[in-house]
Amino acid sequence: MDETTLFPPIEPSNFDLIVVGTGLPESIIAAAASAAGKTVLHLDPNPFYGTHSASLPLDDFISFLRSHSESPSLQVQTSDDDDVSIPLATRPLYSNLEINLHSSEPLENSNKFTLDLGAPCAFLCADAMIDLILKTGINQYMEFKSVDSSFVSGGAGKLESVPDSRSAIFKTRSLLGPEKYQLMNFFKHVQGILENGSEEDMEIPFVDFLTKRGLSQKLKSIILYTIAWADYDQGKLEFCKDVITTRSGINRLALYHSSIGRFSNANGAIIYPIYGQGELSQAFCRRAAVKGCIYVLRMPVISVLMDKDGRTYQGVRLASEVTNSNHKSPSNAEGKVARGICIAKNSVKPEAANCLVFFPPRSLYPEQITSVRVLQLSSNVGVCPSKTFVTYLSAVCDDSVEGKKLLNAAINALFHIAVSSSSENNEIDNLREHAEEKPCLLWSALYIQDLTKFHGAFNSIKFTPMPDEHLHYDDILDATEKLFKELFPNEDFFATTSTSDEQHLDGNTELDP
Amino acid sequence: MHGIPRKAPTQEERDDSSLRAAKLRDLQSQLLHFHHYKIYTKEAIEISAKLLESNPEHYTGWNYRKLAVQHLLDRHQENEVDSEPPQSVLDGELILVENALKTNFKAYGAWHHRKWVLSKGHSSSDRELRLLGKFQKLDSRNFHAWNYRRFITELKKIPDENELQYTTDMIYDNFSNYSAWHNRSMLLSKLLEKRAKGYEKTENVLSEEFEFVRNALFTDPDDQSGWFYYLWLLGQTLKREPLFISSSPPHGSNLSISIDNPDCQPPFSKIYHQSKERTFPLILYFSEAVEGVNSSTVTVDFDYDGGDGLIWHPLSANKLGFSQAWLTYIKYPHDSLESCHVKVTIAQFPGIISSSGMPCSQPCFISFTASVRSNNQEHSEVQTTHKISWNVENFKAHSTHPEDANLLASLCKLDITKENRPTTPMLCMETISNEIACSRELLSSSNCKIGKLTLARLLVAHNTLITYGCMDSGTEAQYEEILALYHDLMKMDPAHVGYYEDEYSLVLMKQLTSNTESLLKLCGNYQELSSPSISSYTSVQLKGLSLSRVSCVEHLLWVQMLDLSHNKLRSIEGLEALQLLSCLKLSNNRLSSFTALEPLKMLKSLQVLDVSYNEIGSHSIDTRRYMCSSPLNSRLGSEWQLKRFTDEDADLKHFWDAYLLFKDLNLVQLDIVGNAVADERLKAFLVKLMSALKWFDGESCH
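Heads up: the sequence lines are chains U and P, in that order. Just so we're aligned: the first sequence equals residues 1 to 513 in the UniProt record's numbering. Just so we're aligned: the second sequence equals residues 1 to 702 in the UniProt record's numbering.
The hints are simulated quantities; they were obtained by calculation from the structure and are not laboratory data. Where is the CB? At the ideal position from N, CA and C, for every residue including glycine. Errors might be hidden in some of the hints.
[What the hints assert, rightly or not] What follows is a set of in silico ranges between Cβ atoms, one per label pair, in the way DEER data are often shown:
| # | chain 1 | residue 1 | chain 2 | residue 2 | range |
| --- | --- | --- | --- | --- | --- |
| 1 | U | Glu-200 | P | Phe-228 | 32 to 40 Å |
| 2 | U | Glu-200 | P | Asp-169 | 37 to 45 Å |
| 3 | P | Glu-441 | U | Arg-247 | 27 to 35 Å |
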């Protein structure tokens, strides 16, 4: 087949910036550059927006994961007249994909699902991403729903509501009176530090600060893992790869608390976009397109063009033709994140529709050193058919064995797994005990994602960050802004004046239309 | 709304508001014109709507509106042409109120108007509840909306259980909502009274409520709304039958009466002195203020013809006529009488009811004997001419003179017939004990003052249950911890030190009088050694105890001589029940006015009074003046009006407060030195006023 008919040529052929991939960081860069008046070409080899930040129907979700778990096919190097063309090879981001089918029902309704690839992710109402959404006015392309409640796995595997606010502390049945006092008093103390500053050392580990305030083990765990969202066991500092300092712990608490009540129609601190996280990158793409960015989907980049001495980047060779400019992919894997997705007919907590569940370190099994975070979504955010629940899980891990162990333990705690008749009888009996209260698992997928961090670059070729292990986008957003500054040191990252015509948005505006 | 500071208006806003005021004035004068001439045309009604929408506080506007609506409805009734159907008239009113409330959702007139429209039988409960939902979302503590909510739920017969759930939801949303807690208490009272399904067992419901509110207290002990509800619950838990607790003369006593000569009358006195009329006082004392003590609820049987239809007076009654102490005078025969038997039966018939609505249902009786002997006049003369020195050596404590002990011991025998008393439910005791434990737990981590106060109140409640409730268990009432708590509170919260001192005094007096043994330590006999002819007084010493008020007088009804010097008394309310009191020492206290001594007017036997070294006259503003009788007080002002002044009465005008107090006292000895008010002029005035006075500031008056 003639290549040019499959990939029509792009006019013009010169751009200030070529962005490959429509993942969230790429889309933000494209929108920011377009807003700064740069000419931008935004390419994606896939037929959909979002790349690794996309939300996809069930079938596409599976096939995307599969295609990105396989070893790359090497592409042939082609030589050019002036420039050296360097072929690109994609490194698989995912590995150890494992799909369990307990019912064919989800697959029959594949198109009724919209599943996030980088899940679980959600927004705190006061976080930097929401600020950016409001600043750029892309909230007009999106709608949000509250994640009404958070739960933490208590001692006996019971899910207890997270006492994250004054009214939640009042309401919860999982804390004793003095604990309620201690926790509320701690929140007030933190509020005091934020208002008046503190004499205390802000660089000591947050966990030591909590101990100094006399908080019980249970309260420390609640604060560290369900409000400050710590990844690693902060109680075992020798194994902890990410010790939260007092400063950052207090900042996370402050962010969490200023999120509660920021939008009058959001019940708690956390919201989630209707139709999935993929909406976010699409919204930034729309913002970019409004400012003149050119979009070409289904357009693979074959190679990068370098000048003869092999040092200066000249452009990219597309499947259709050569386009000159600036711009992605060598990496180092630094740790992994295990992700899981479950589909069930019932909620993990009968009273909750959209909710977060936390399994702090050591809550699943004694050797558990990282938290498992769970986000359950219902049909009211448009990601699944009615009377169905989609549950995302993630945990940081060193290797896939550990990752799968973490996720499987959490899944076993949350779901009843239909066991085939060949299983041992006593196992069935054990499961039956909880069969009535736990939802039955219909379908699940587990996969391991490499946490890739890109180092160096070929001069003007820069690399955007990949979906990370966090529930929030703070790190991705920071990295993206930094990247933009590297690309365009003299431009504002979404200058306030030039962003949108609808500048009436402020903190008091309801985010939901 | 709450927590939002007001900003000073800018020039623009000021101009704007003066412009609006001009417009309003115009509308207002038009409305008053329509109102005056009863004009209810369409235009007129529209103008009233305009006015009310921009100023919902215009009460006349709302009244005009009601007349206009009535007019339109009447027209329709009379089938007049082009009259509006009632439905649309009333709909218009509802819309007007909604618009007015949008301007100011705290306008009384608007809410009242809506109630009035609804009383015309209109609007659906759904619509009203939706409206309320909107207003309560805007400000969940808007008491107008809560008030209206109660009206609607009553009108539309919405089950109390649903409303209770609504308060739960509101409290879950934000428990700093006094209105929601208050409504909850109203609803629970109703449900408990009705014994609605699930609310049959008051104790169980209350203990669940305690647990519910405790969550709020622990979460934020400094938030007061929960504590208010907590105190309401505590009150409900302690809501018990009022009990008859003591009397004077005491049960089983022998009363010996000597007949005095009733010939001398003080010059200014107009009140008829019954004490001179062959009567003796009978006092009944109840555990809390009650009403309905009269000849049909209390029967008094004599061996002789004592006369029927005794009249009972409340002593120190509150505004509603409830009182703890009730007094009547029993006549005795002219002749000497040996051992006349008197039996008093209390609450044999229903009718005695406490201020919380609980009836005194357990009948009980007391009996005593009275013997009358004619006294020689000489003796009574002698008694009143000798000065009472208050010397310590004249006071014989009961412990040193065992011969007097028997008498005192019998007087101090506090127990009346306890057999018939309703016992405290065990569950009630358990609830209080549990709450005490929880309070201690909270205080172990938080040093909050209202928590301390509540613990103190809980411990007092616990003591009350023990002392009144005849518990089988050996639990003893504890006082030291309560006293220590109030002591802490005085230091922590100096702004309310007066209240804490009063509470401290109540507990201390309770401790001192709680049992015969401790009470006997304070008792003794007083006999003026210099003049042994004077008969001795049964005396109680409560000196230097930092008391700021008097309480527990139920154990002291027989006292004839009381020393309350060197305390912090600001008030002597309660002393009026001590009808046998002859000598009272109040020196070195903080009494700040003559009006503070008002209760003394009820003490017909009082002859010796020492109020030296107080603060009478030191404070230019007498804060008690409006509570006591004075020309400024409507209650007794008329009495004052009766008095015609002559020019010589300049002193009387000047010392009107002293006059109002002392004209009714029949004192023989008065000490007033050491008060700012005390001077020669006052002395002369008082000596003139009280003809019986023999000793003034330690010196003979004559």
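Hint check:
1. Glu-200(U) x Phe-228(P): 32 to 40 Å: At roughly 36 Å between Cβ atoms, Phe-228(P) and Glu-200(U) fall inside 32 to 40 Å, so the hint holds.
2. Glu-200(U) x Asp-169(P): 37 to 45 Å: holds, 39 Å
3. Glu-441(P) x Arg-247(U): 27 to 35 Å: At roughly 33 Å between Cβ atoms, Arg-247(U) and Glu-441(P) fall inside 27 to 35 Å, so the hint holds.
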